[in-house]
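K.L.:
So the chains spell out like this:
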Amino acid sequence: DVKVTQSSRYLVKRTGEKVFLECVQDMDHENMFWYRQDPGLGLRLIYFSYDVKMKEKGDIPEGYSVSREKKERFSLILESASTNQTSMYLCASSSRVTEAFFGQGTRLTVV
Amino acid sequence: AQSVTQPDIHITVSEGASLELRCNYSYGATPYLFWYVQSPGQGLQLLLKYFSGDTLVQGIKGFEAEFKRSQSSFNLRKPSVHWSDAAEYFCAVSNFGNEKLTFGTGTRLTIIP
Numbered sequence: 001d002v003k004v005t006q007s008s009r010y011l012v013k014r015t016g017e018k019v020f021l022e023c024v025q026d027m028d029h030e031n032m033f034w035y036r037q038d039p040g041l042g043l044r045l046i047y048f049s050y051d052v053k054m055k056e057k058g059d060i061p062e063g064y065s066v067s068r069e070k071k072e073r074f075s076l077i078l079e080s081a082s083t084n085q086t087s088m089y090l091c092a093s094s095s096r097v098t099e100a101f102f103g104q105g106t107r108l109t110v111v
Numbered sequence: 112a113q114s115v116t117q118p119d120i121h122i123t124v125s126e127g128a129s130l131e132l133r134c135n136y137s138y139g140a141t142p143y144l145f146w147y148v149q150s151p152g153q154g155l156q157l158l159l160k161y162f163s164g165d166t167l168v169q170g171i172k173g174f175e176a177e178f179k180r181s182q183s184s185f186n187l188r189k190p191s192v193h194w195s196d197a198a199e200y201f202c203a204v205s206n207f208g209n210e211k212l213t214f215g216t217g218t219r220l221t222i223i224p
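These protein sequence lines are chains H and C, in that order. For the record, in the first sequence the residue sitting at position 99 is 99 according to the working numbering, with numbers rising by one throughout. If you count the second sequence from 1, you need to add 111 to reach the working numbering.
Where hints are given, some of them may not hold.
If you anchor each label on the Cβ, the simulated ranges turn out as follows [claimed, not checked]: (1) C:Ser114 / H:Ser8: 42 to 50 Å; (2) H:Lys13 / C:Ser129: 17 to 25 Å; (3) H:Arg73 / C:Ser114: 25 to 33 Å.
Calculated from the model, a selection of chain C residues having no Cβ within reach of chain H, i.e. all distances over 10 Å [claimed, not checked]: (4) Pro118; (5) Asp119; (6) Ile120; (7) Thr123; (8) Tyr136; (9) Ser195.
In case anyone wonders, no lab produced these hints; they're calculated from the structure. Here a beta-carbon is modelled for each residue, glycine too, at the ideal position from N, C-alpha and C.
The shape of chain H in the complex, shown without the other chains (with noise of 0.2 Å):
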C-alpha cells in the first residue's frame, strides 16, 4: 500500500514563527505536491516537485517554500507564518504511472 506520511495531524504556531511541515512518501514516487484546502476553495495547489532538488510554483506560492532533498520527503516551509495561512495542508505523491495518493492532512492553525 502506498503511505504518504505527514508528520502532524494538528499544529498551532504563533504569529511570525516560522512552520516546517513535513511529508515522506514510501512508494519512489517522483512527483510530490502541497496543497492547502480551504471551505468553499477546495484544494489549491502551492508547490510541486518533479524530482530531487526541483520545485516549482504552484497557483499559490506565496509566503511559501518547499524543500526536497530527498527523493521521498517534501516539506514546505512557512518562513514567517500569519493568521491567514491558518488551514488544512495535504501533501500528495504520484508518479508516471500511479495516480496521486494523499497523506491525512495537517491541520494547522496560525495565532
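Put chain C on the given structure of chain H with help from the hints.
P.N.:
Then chain C, alone, in the frame of chain H:
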C-alpha cells in the same frame, strides 16, 4: 488555464436513492479527469479516473463516471447510495496524466435515512 466547476456545494440524498454529482471542466486539449472522495478528517482517496478509451469509467465503492467531451463534463454517479458514502467529493483535472491536479471546490454529500 484549466479549471473545474462543481456547481453543487451540498447535496442531500436518501439512503438507497441514486446519486449524480456534476463536474464541468475547462481545458483546451484532452483532459485527464479524476474523482476523489474525502471522509471527515481524512485525506483524499481516488474513486476513479479517465485518461482515454471508454468514456464510461468504473471506480471503487460502486461509483462510475461518464466523460462527455461535447458537454465538457465528467459527472459521477452511483445507483444506490449507502450511509457510508457521506463525504466530500472532489473532481479534478490534469493536463498530463498523474501530474499536478486542478481541483473543483467540492460537493458535500449528506445521506438521510
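K.L.:
If a hint holds in the structure, say so; if it doesn't, say that too.
P.N.:
Consistency of the hints with the structure:
The hinted range of 42 to 50 Å is not satisfied by Ser114 (chain C) and Ser8 (chain H), whose Cβ atoms lie roughly 31 Å apart. Roughly 45 Å separates the CB atoms of Lys13 (chain H) and Ser129 (chain C), a value that falls outside the hinted 17 to 25 Å. A C-beta distance of roughly 31 Å is found between Arg73 (chain H) and Ser114 (chain C), which places it inside the suggested range of 25 to 33 Å. Listed as a non-interface residue, Pro118 (chain C) keeps its Cβ farther than 10 Å from every Cβ of chain H; the least gap is roughly 13 Å.
Distance check on Asp119 (chain C): its Cβ is at least 13 Å (rounded) from any Cβ of chain H, clearing the 10 Å threshold; non-interface status holds. Non-interface status of Ile120 (chain C) relative to chain H is broken: a Cβ of that chain comes within 10 Å, the nearest being about 7 Å off. Look at Thr123 (chain C): its CB is around 18 Å from the nearest CB on chain H, clear of 10 Å, so calling it non-interface holds up. At roughly 13 Å, the least C-beta separation between Tyr136 (chain C) and chain H is larger than 10 Å, which holds for a residue marked as non-interface.
Listed as a non-interface residue, Ser195 (chain C) keeps its Cβ farther than 10 Å from every Cβ of chain H; the least gap is roughly 18 Å.
When held up to the earlier numbered hints, the structure conflicts with 1, 2, 6 and fits the remainder.
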